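A.B. asks: Sequence:
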Amino acid sequence: MLSRVLVETVSRLSLYLKPPSSLRTPSSVGRIFQRLCVTSTPPEASSVLKEKNRQPLGDQKTVYHQVALQKMRSGRDSRYDDRGYRNGGSYGGGYGSGGRGGGGFGGYGGRAGRDQMAGRGLREIDWRSQDLKQIEKNFYHELPVVAQRSQFEVDRWMQENQVTVHGRDVPRPVFEFNESGFPEVLVNMLYSNFERPTIIQSISWPIASSGRDIVSIAKTGSGKTLAFILPGIIHTTKQPPRGRGEGPSVLVLLPTRELAQQVQEVSREYCKAMGLSVTCLFGGAARGSQARDLERGVDVAIATPGRLLDFLESGTTNLRRCSYLVLDEADRMLDMGFEPQIRKIVSQIRPDRQTLMFSATWPKEVRALASDFQSDHAFLNVGSLELAANHNITQVVEVVEEYQKQGRMMSLLTDIMNQPECKTLVFVETKRKADDLTRSMRRDGWPTLCIHGDKNQGERDWVLSEFKSGKTPILLATDVAARGLDVNFLRQRNSET
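All letters in the sequence shown, in the order written, are residues 1 to 497 by the UniProt record's numbering.
Please note: incorrect hints may appear among the correct ones.
Here are the computed distance ranges between Cβ atoms for each label pair [claimed, not checked]:
(1) E136 with P363: 30 to 36 angstroms
(2) N418 with R367: 44 to 50 angstroms
(3) E365 with S469: 37 to 43 angstroms
Think about it this way: if two alpha-carbon atoms lie no more than 30 angstroms apart in a straight line, the pair counts; the simulated DSS-like pairs of lysine-lysine are [said to hold, decoys possible]:
(4) K238 with K133
(5) K468 with K431
(6) K431 with K272
(7) K133 with K272
(8) K238 with K272
(9) K431 with K133
(10) K344 with K238
(11) K431 with K471
(12) K364 with K344
To be clear, the hints were calculated from the coordinates, so they are not data collected in a lab. Please read these numbers as outputs of a predicted model, since none were measured by experiment. Glycine included, C-beta positions come from ideal geometry on N, C-alpha and C.
Construct the entire structure; sequences and hints are all you get.
C.D. replies: Here you go:
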């Protein structure tokens, strides 16, 4: 099966659709594919699969065309014409007056531009005056099979996988799930879904289980969700029992509601197996059900900064019990202007917490945050410190003149749509361009939907569901989807995370 993703790249003339900022240099042109677009490669262990047998890593590569996009015309059949498809009327990124909702994607769940004043009523806690009970953070016991592994074997594994580890007394990596020291129920779940740990899991689990702070630099799609959530689950089970209405002991902060929901989806079954509750807090959805979860008390909270600050400021919950903090996509959160919100949130968490930071890059802003929030951390890096294309994907970049774009896009779409089980993802920079292009393409018969930041939760979920299922195989998105979305491009045994 051939599946391609269409994105915009640089043209020598001004483009009808400008490329997202994340795609304006060759070094980062592959960034958006790292979760969305892996085909015939193994699943990374950050989502739960239904089957055990999978193909080995890198057994097949897929070609993606990245082209500048102008406007589309098609003589295709009218199955997806605005007048006859789904809700009828004009779509243009919405459903018209009688549609399901006002849109569907990207909402930042408290994006910085909208929530600069969020948390302004919070008071910083003087932790020096608090009577803090000691928390247990080190629960790792290295198994004999790990301890007896030769240093030569470990060094060779590190070199082959481009792993760099710095820090004091860093434990050896684990190569199998049964070496992790996790409870048997979790190990069995892992074996039922995956073959072996990913690289980032192999090195993160022993360090996080030892109670150490971590800075982890790894590409999106590396399996980092399970790298931080499983040690967090065990950490929670080692703390005093939670009372009704008490806040979480594990907090995971992410930049977007899509990522928050994905992490919750991955975490839910593992938390359930250990008798823990998990909730997801994000903007763009009703507060009521989220507030009720907090009022009952939760063990694990996965949240975007704006919505969490809202609940903290209203007194719905607090973070006094939190002792395990994860900042996922740290560089992305800083790019989006969340640093003030993050600092307000961290001020509400005890200073002797365990803090894990995961980032795709290591800019000075992330380094400063790590310096302020962590002590004696272990530094883990897999691959380059800069954003790079996923090497499991072959990418073809086409730079075309303005007058060539329409014909080239027509040719590519026609070719792609003749392939079985294909999906096509088109990135645009602005919401208006997404709406206009979607409306134009649907009028010409292309099976197209779009998602961007002005869409509400209901439509966003519906659009992504239509795209993932293949019912609508062309999706237009603004660059809010540039990193981290989980879209399955193959049926049966392959999943991308």
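A.B. asks: Which of the listed hints are broken here?
C.D. replies: Checked against the structure, the hints that fail are numbers 6 and 9, while the rest are satisfied.
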